[in-house]
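A.B. asks: Let's have the full structure, built from the sequences with the hints guiding it.
So the sequences go chain by chain: A and B.
When you line the first sequence up against this note's numbering, it's residues 109 to 262, in that order.
When you line the second sequence up against this note's numbering, it's residues 874 to 1374, in that order.
Treat the hints as calculated values from the structure; they're not laboratory data.
The beta-carbon is built from N, C-alpha and C at its ideal position, and this holds for glycine as well.
Treat the hints with caution; some may be incorrect.
What the hints assert, rightly or not - Partner residues are not named here, just some residues of chain B that face chain A (Cβ under 8 angstroms, in silico):
no., residue
1, F886
2, S1060
3, M1073
4, F1092
5, I1095
6, Y1283
7, Y1293
8, F1310
9, R1330
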Amino acid sequence: MSINYSRITALIFLLFFVLYSYFAREIVVFDFDVGADFNAKTFPILISYLGIGVSFLTFVLCKNDGQTMAQYEWLGVIVLFVLVFTYGIIIKSIGFFLSTNLFLLVAYYYLGARSYKVLLLCSLPVVGGMQFMLHQLLGVYIRDPFLNFLGIIS
Amino acid sequence: MNDGILIGLETAFAGYNILMVMMGCFAGTIIGMLPGLGPMSAIALMIPITYGFDPSSAMILMAGVYYGAIFGGSTSSILINAPGVAGTVSSSFDGYPMAQRGEAGKALAIAAYASFSGGTIAAIFLLVAAPQLAKISLSFHSADYFALMCVGLLAIAAFASKGQFLKAMIMTCFGLALATVGQDPLSDITRFAFGNINLMDGISFVLLVMATFAMSEAFMIIFKKTDINFKASDVSKEKLGSIKLSKAEIKEMVPVIGRTSILGFLVGVLPGAGATIASFLAWGFERGIASAKDKLKFGKGSIKGLTAPETANNAACTGSFVPLLTLGIPGSGTTAVMLGALLSFGIQPGPRLYVDQPELFWAVIVSMYIGNVVLLFLNLPLIPYIARILAVPKNILVPLVLFFSVTGVYLISFNNFDIYFMAIVAMISLVLRTMNFPMAPLILGFILGGMMEENLRRALLINDGSFSFMIERPISLGLFVVMILIVLMQVYQIIKDRRSA
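C.D. replies: Shown next, in the form of structure tokens:
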């Protein structure tokens, strides 16, 4: 049996469903529900049986499809992932307008956009337009300390 | 029924809703054109926008987006041989060769006329079939619904990804497992939240769809170094050529449209099949029945070869609404996303929808027809301008897709945790998709999970905890037989593949 990425993934899923099965059994149900035909545990336990069966079969029967992971642009995706994560961290503290513009500008720049005109035109109007639409048209209020400081929104 | 149609017409022809169809078709065309971003991503991106709308308008907008995305996918298939949507891959077999010999305008016109005709004929079928099926499905019990959902999940795993049945089944189980996170709907017991307050309400459907489709698609463009080599000048009016068709060409198209619209609709109604299979089947079918002389033209710019998949994929899109609207069971990944959207509006699609909310039921059906008209009369002449979106470089496109996905999720909950969770789910999806683990079964499992648990609970309680309901009721028994057949077919396929390898 050769090892390939699909097989490793099937093994990870197998472990996931074994753990899922364990936690499904650990669900605490009400006393009157313990011996019931169906309680909060039943469906998760059934899913775990199916999941374990299917991932085991995949692990055993999976063919080697020659898949390699080295050919892909991992770094670019990881940078974007970190950017999204950072965006999540700063969005509340510095506000929607500033954080979104920063996110877009850094992402454009990282992916190779260098023209200032493009960088600014693809961020400021987009975010401004979105915020205007949310505030004025859809009535969705987003707390924004930066715009509040500038006196643009109250 | 007539009253229902009248209410539906009134709703669909309200100025606001016509605007929704037009907007949906435009937005769908633009998003569907972009390589990688299909109707599921397009609809997912629309969900947050529709939260302030009434359900009819939201569904009308999403149906328009669905059609638009398929049309947009055809455009990129024909113009640059890069299908934006899997359902339009077979359109590139004959559409792209036509574009290469300077008949891009004609190919786009054929695609538009075929889509319009396929969609229109299928909308008429839907008009007739949906109420009948809704009436029949009123006699369904919980056990039948549970069996039907099992068939749906098995079928989508079997047909949505050829040769990957086991992987698709893992994704289905994963989706079902994710659906159990949060409070149990009956006892209110919290499951799998591990003390995390953000998980106690369960995982947001919008978050999951956005992360697995829109965001992971954006990551995929960078991950696979997808090159979008296209210049705005490639779609100038001069390069596209005339969009006029001769009488002989129209005559060649008509019988193909008649045959493949029926085929497409029937395939679309089947759970799991959808536009992709319909379009390939239609292309193969037309090639199979063509004369020896015509057969040689297939793959080299044949009018029949382009008409067949274009008619069938639009007819299948319409067909896939039949199980959604009448049974509440989505027939494809895209309609699963729509079902999730409907559920978030507090609407339970199914046989009662036809009785309780005829304005929504009929308005969606009527708006599909309006959508086809919009695509034909507005999008086609505007293609030289709309197709310029293909010239947007990926370094601008990717951050924008990320921005719309993140904002779409954040604006619903205003919770930073959702952004972190979404990024993690998108990364996992990216890796899984690279290894051919399909995402549609995950979404279907996630959406149907809650309903399956509810119906199984009811069926088991009625039957004193016995699973005998699966063979006692004729409908359940029939569906159980279908399940066994699907599994046996897949087992046979796996054995055959292993022997040939």
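A.B. asks: Now tell me, hint by hint, if it's right for this structure.
C.D. replies: Hints, one by one, checked against the model:
1. F886: Hint on F886 (chain B): violated, closest Cβ of chain A at ~24 angstroms, above 8 angstroms.
2. S1060: holds (5 angstroms)
3. M1073: Because about 14 angstroms separates M1073 (chain B) from the closest Cβ in chain A, which is outside the 8 angstroms limit, the hint is violated.
4. F1092: Hint on F1092 (chain B): holds, closest Cβ of chain A at ~5 angstroms, below 8 angstroms.
5. I1095: holds (4 angstroms)
6. Y1283: holds (7 angstroms)
7. Y1293: Interface hint status for Y1293 (chain B): holds (5 angstroms vs cutoff 8 angstroms).
8. F1310: holds (7 angstroms)
9. R1330: holds (5 angstroms)
The structure is inconsistent with the numbered hints 1 and 3, although it conforms to all the rest.
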